[in-house]
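**Q** Sequence lines, in order, name chains A and B. In terms of our numbering, the first sequence opens at residue 1 and continues consecutively. In terms of our numbering, the second sequence opens at residue 1001 and continues consecutively.
Since the hints were derived computationally from the structure, they do not count as laboratory data. For clarity, every value in this text was computed on a predicted model and none was experimentally measured. Even for Gly, the Cβ is constructed at its ideal location relative to N, Cα and C. Some hints could be false.
Said to hold, decoys possible - Just so you have them, the derived chain A footprint on chain B, three or more residues with Cβ under 8 Å:
(1) 1111-1122
(2) 1129-1143
(3) 1209-1218
(4) 1250-1258
Now for the letters of each chain:
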Amino acid sequence: MTIAVAACGGGATGGSGSTQTGSDIVIGEALAATGQDAKEGGLTKQGVQIWVDWVNNVQHGITVNGVKHKVQVLFEDDGSKPDQSATLDQKLLTEDKAQFLLGPYGSSATATAAVIAEKNQVPMVEGEGASAAIFNKGYQWTFGTISPASLYLKGVLDMADGLSPKPSKVAVLSADDSFSLDVTRAVEQYAPTKGFQIVFDQKYPNGTTNLSGLVSQAKSTNPDMVLNSGHLAEAVAINKAAKQLDLNAKLFAFTVGPSTPDFVSSLGNDANYVISPSQWTPAVKYKPQFFYSVQEYVAAYRRLFHAQDEPDYHVAGGTSAGLALERAIENAGSTDPDKVRTALTRLNVTTFFGTLAFNGQGQNDKKPMVVEQIQNGKHVTIYPLDVANAKIQYPAAPWSQR
Amino acid sequence: MNWGEQIVLGLLLGGVYVAVGLGFSLVWGVLNIVNLAYGAMVMVGGYLTWLLFVHGGIDPFVGLPIDVVVLFGIGYALQYVVINRVVRAPFLYTFLITFGLDLIIVNALLLVFKPDFRSVTTWYSGAAFAVGPVLVPYIRLWSLLAAWALAAVMWWILNRTRTGDAIQAVGADRDAAQLVGISLRRTYALTFGLGAACAGVAGALIATFQAITPTAGEPYTLQAFVVVILGGLGRVSATVVGGMMFGLVEVLAQSAPHLGAGYQNAIAFGVLVLVLLLRPQGLLGRTL
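Turn these sequences into a full structure, and let the hints guide you.
**A** Right, dumping it as structure tokens:
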């Protein structure tokens, strides 16, 4: 199913003030609007739209050698199918003459899209794929703004290391997609070095929604800490099963899910105490060198989407990809793909999202993860301590006393 | 490993598969339609339950009759207006049309409900009682009982009412059924409506233990297929056995020694292949 969703931003080319206005910079992005990743795809799109709104309506364009160019992002719906992301990206480049690509949602889709960027020698910046599988193939044209998968639960383990009593027995339940396995492998290597003992370690097929059998197995090992490397639907299923089967760990952490509003609305009070790593939260205190501050960013999100809630890290990730591309084009002083690619490799700039800089593989390992907890139905940031806006509630109350 | 709990959890999950399989089996057996929109209809049931729960404060189990009535209506109308036009056409046409319906229903749900994850979490949804070392979650037990009750009602309709006789007659020989005065259009629509009502119940049960999204029904079409093949086509009792067995196999496969949960699908479908080899008509199916 191919639906050209929207070309946002103005196509206006009229002159304004003293600065010249050049032709639009056309950017293509294949993104899930339907299928299992429709939710996250929609959030990513919002993030890109915040950036486009800023470039076109606040900045009046990206300045390239004194000439302002507005941006036009062409979206295509990949239907949450990674092979479609690649096909549509190719179409965007050849038929729609896109000059640059922004990445799709998810590691699998990003990995296939990266092949297209590589083949066509067009820079692709993405803020929604963190798996090592995207970056360990020696690609030269793909740049990821978010922290690598291996850092996802590292912050949680560092934080747990300082807790008293220490939750030393760890149960790991992991989905078997490349991103989740990256996260789990990192836990398997890092946890023992911090004195944690992994007492249960099981992989389940990606997308499994009946996990009560596994939760029952995990319970029989009596873990202090339950770590899930998976996705929103699995996080909800595990949390429900843990309550039903009275698995009372001191700490529950899920890689993906709790940071979205859906987790709290699906689970109500049962969502409390849950811990989750996050690429970004509105509590972070980075000093941006350009673009909005965190407060302004939240305000822009609420204004553009008539929302009351705060943007989550999927939204911010979408925005960050646009920012990296914008700054690289400006630094390159050109829209020539090769020059922009070189500028991306040298990029080092702090934004509301954190530092944007890429290592030799194109991955951003300069930006730390933060750790969130749900307290009374609200997301608060609890780690690292210098950005925390609340103290961790620990240990989690037994299910019977909630 | 608490094997007792694993077995109980498997049987409880089986209840959901019974509900999922009943409607699929009926429509397949009588209309010879493999309904690819079945999972989407399960989700319609799930969303209806969620709406009733969130906006009407109606308990998911109390709301079951509403699910049944609404989904029956939708199913009846779909068959009467759309599918009846191709029901005598080759198999591929009904395949195509139900595939199209699946796309339409899923995308309509996306438009109306957005891709947000929803779940029905009642005040008792985490409560359980202990039988020795085994914890039995109430909500899963009630799901199992609801599925069995649904199976009993379906059995009664099919075997003890004139409507059921008509449905069975059409399933056996539609031309002969027409000769004795049975309205094919009406009977087809009734059958599809009953199938949809079962999907509605299944969706309601599913919404209580997992998060639902417009696309979350997809795997249930496949699972319904497997349940029906395992148990055998055309009998309520066969679906009950197929559903219970599939639930049990799925949970036990998660704890297969030396293999790990990653193999659960391989094991579950391996059992299916084995059944097909040894008893192609299914465990309780009539001889082909």
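**Q** Hint by hint, note whether the structure agrees.
**A** Going down the list of hints, with the structure as the test:
For a cut-off of 8 Å, the count of residues in the stretch 1111-1122 of chain B with a CB near a CB of chain A stands at 7, and the three-residue condition holds. Requiring three or more residues with a Cβ within less than 8 Å of a Cβ of chain A, the coverage given for the stretch 1129-1143 of chain B holds, as 4 such residues are present. Judged by the Cβ-Cβ criterion of 8 Å, the stretch 1209-1218 of chain B is covered by chain A as claimed, because 7 of its residues qualify and three suffice. Look at the stretch 1250-1258 of chain B against chain A: 5 of its residues bring a Cβ nearer than 8 Å to a Cβ of that chain, three or more, so the hint holds.
In summary, the structure agrees with every hint in the numbered list given earlier.
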